[in-house]
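From first to last, the protein sequence lines are chains X and U. When you line the first sequence up against UniProt numbering, it's residues 1 to 361, in that order. When you line the second sequence up against UniProt numbering, it's residues 1 to 361, in that order.
With the C-beta cut set under 10 Å, the calculated list includes, among others, these residues of chain U facing chain X:
#1 L130
#2 G239
#3 G244
#4 F282
#5 K285
#6 N286
#7 F353
#8 A354
Here are some chain U residues pointing at chain X (derived, C-beta under 7 Å):
#9 Y269
#10 A276
#11 W347
By construction, these hints were calculated from the structure, which means they are not laboratory data. On a predicted model such as this, the values are computed, not experimentally measured, just so you know. Backbone N, C-alpha and C define an ideal beta-carbon position, used for all residues, glycine too.
Number of protein chains: 2
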Amino acid sequence: MKRREFLKKAAVTTAAAGAALSFGAPAVHAKKRYLWKMVTTWPPHFPVFGESAEFIAKWVEKMSDGRLKIQVYGGGELVPPLQAFDAVSGGMVEMGHACAYYWAGKAPATQFFGAVPFGMNSEQMTSWILAGDGHKLWKELYANFNLIPFLVGTCGVQMGGWFNKEINSISDVKGLKMRIPGLGGKVIAKAGGTAVLSAGGEIYTNLERGVIDATEWVGPYHDYKMGFYKVAKYYYYPGWHEPGTAIEMFVNKKAYEKLPKDLQQIIAYAAQSSAAWMLAEFEAKNNYYLQKLINEHNVKLKKFPADVLKAFRKYTKEVLAEITAKDPMSKKVHENYSAFQKKVVEWDKISEFAYMEINYL
Amino acid sequence: MKRREFLKKAAVTTAAAGAALSFGAPAVHAKKRYLWKMVTTWPPHFPVFGESAEFIAKWVEKMSDGRLKIQVYGGGELVPPLQAFDAVSGGMVEMGHACAYYWAGKAPATQFFGAVPFGMNSEQMTSWILAGDGHKLWKELYANFNLIPFLVGTCGVQMGGWFNKEINSISDVKGLKMRIPGLGGKVIAKAGGTAVLSAGGEIYTNLERGVIDATEWVGPYHDYKMGFYKVAKYYYYPGWHEPGTAIEMFVNKKAYEKLPKDLQQIIAYAAQSSAAWMLAEFEAKNNYYLQKLINEHNVKLKKFPADVLKAFRKYTKEVLAEITAKDPMSKKVHENYSAFQKKVVEWDKISEFAYMEINYL
Chain X
1 MKRREFLKKA AVTTAAAGAA LSFGAPAVHA KKRYLWKMVT TWPPHFPVFG
51 ESAEFIAKWV EKMSDGRLKI QVYGGGELVP PLQAFDAVSG GMVEMGHACA
101 YYWAGKAPAT QFFGAVPFGM NSEQMTSWIL AGDGHKLWKE LYANFNLIPF
151 LVGTCGVQMG GWFNKEINSI SDVKGLKMRI PGLGGKVIAK AGGTAVLSAG
201 GEIYTNLERG VIDATEWVGP YHDYKMGFYK VAKYYYYPGW HEPGTAIEMF
251 VNKKAYEKLP KDLQQIIAYA AQSSAAWMLA EFEAKNNYYL QKLINEHNVK
301 LKKFPADVLK AFRKYTKEVL AEITAKDPMS KKVHENYSAF QKKVVEWDKI
351 SEFAYMEINY L
Chain U
1 MKRREFLKKA AVTTAAAGAA LSFGAPAVHA KKRYLWKMVT TWPPHFPVFG
51 ESAEFIAKWV EKMSDGRLKI QVYGGGELVP PLQAFDAVSG GMVEMGHACA
101 YYWAGKAPAT QFFGAVPFGM NSEQMTSWIL AGDGHKLWKE LYANFNLIPF
151 LVGTCGVQMG GWFNKEINSI SDVKGLKMRI PGLGGKVIAK AGGTAVLSAG
201 GEIYTNLERG VIDATEWVGP YHDYKMGFYK VAKYYYYPGW HEPGTAIEMF
251 VNKKAYEKLP KDLQQIIAYA AQSSAAWMLA EFEAKNNYYL QKLINEHNVK
301 LKKFPADVLK AFRKYTKEVL AEITAKDPMS KKVHENYSAF QKKVVEWDKI
351 SEFAYMEINY L
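Generate coordinates for the entire structure from the input sequences, incorporating the hints supplied.
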């Protein structure tokens, strides 16, 4: 405690001295150094998602002139992937990097900060979080867990997934065994399918052996690297279940509040910088791998039929109604999310969509 | 010079001492303070664009603990808006905030870093700049002017503009006097119209008095504030001429290189953070003002007919061919830009567009 008091006094003295200094004169600061840990839910060096965690650590170190070093751990390197939330919440480590829907079991409302079937796309999610009420609500939710959340990016509209069975009508989903987590999985279950949970490393083998008939993953870049094209017949689009998945970083609230204000800000804007980069990277990489899949591996693209999507949408409404009926925070967040979506779509119809329509059709 | 040498030595000593310190022990730094100026092309406190400049200044100051303070000037407060480029290039001030197409007279290739008719939308432009070759080419171009460019945001698909004359076919553009700068203006001229240049403050009166028949500006948020709905009959979409305008910050290269590395990084990531925020803010605000225009002021939305857009597209190709034939750097940038656009569009067709299609039609 004594050293902290000394540092506080030193800081005050420095600030007072700084005010009196003419610009250009050196200011002497006594600054503490920090070594933090960031656990992630991603395999080590996972493309884009894992790179975002590593970039943030690098940017923070550079911006802070080495005063805050962050050691990034892949899922399982320090704690199992799905224990990242608890590890940061409990203060074992200072930071985590994940997707909010992994924590649905802790608080169902987390799902609205990850992905919602037929919900907002990347641009809209980012807008809700950075310029609407999204971040405020997210912080309110995570405060219950001693965490502060930050948006670190979105990944664009995902692909619908890899199928070994054609989906020509909603009745084809009956009996379908599909690896699909979260709200999308609940929708598949309502349509008479079975939502299977497989860890990333098991999906390929399960698909190859027919343990599952289908799987969703991310998009062409990540899917290519998983090699699904070798064991699945059809590649469906669009990813109705994850139209603009948000990726998060969360920081232990007490650890964050103990940091000097400049390091707090450096963390916040490293995260926000990642938000600009992540979607940019997905846009740049996905087409390259899409073309490889089509041209080098004869992958057949298929669009979900309109009536299948209509049924998925109906089941999504039921799933959301069930969640919001049971959980007041989910209700509050969902209302805000939906109101924002409804409005922003009206603008996007005559801007982004109208522009794509004249160019893409 | 002597003081600089002393500071260099001091920095080396500090770094060496830092390496030997255990984390948690205070490190003593002797750090110079900087007071910089940023000139902008925007009216003082201009929504979104001007706010971005102010946010960047605020974020840099907070992240640097006050070591780098940036005083932001609206256009005309220190130098006229369109002298921002020269003021920073010549070293009179350290930073500028603008749109690259304002500098077409200095180097035609700047236009590809602003907006291209029928070019990339915001998501794609950001991707080209942050994850493709865009930033590299932009830096190469600006190095000729002793400047380093940074992307600070994009503004989404703009509106097509305010018209007092219906545009039912391309022949209606003949004789049309429209306030429209840049490449879009060249297209209007090719279609037989007159591209008029008016400063922001004169447009309203010119439209009211019939000096011009039409004007483009930005989108519902900015257009509402200009009051154009009071003096124009039709509000056209989509903004074919500016589908995803990029906004820039540029820094005097020598001034930047003299900064300590941590402050250089702080500037770079403050800019990148603005890139995430700007589009988010446009998305959040534009619909609110669009609805006000429609519901409170009876504004009539009109979509450009397909054959008008087809003609605009043909003229755009001619305009671009003329520019790239004359200027090798424009040719180099345009080829890279177009190749990126062609590819990313293939992915967007089955992701962003396909998703919007199932939701918006």
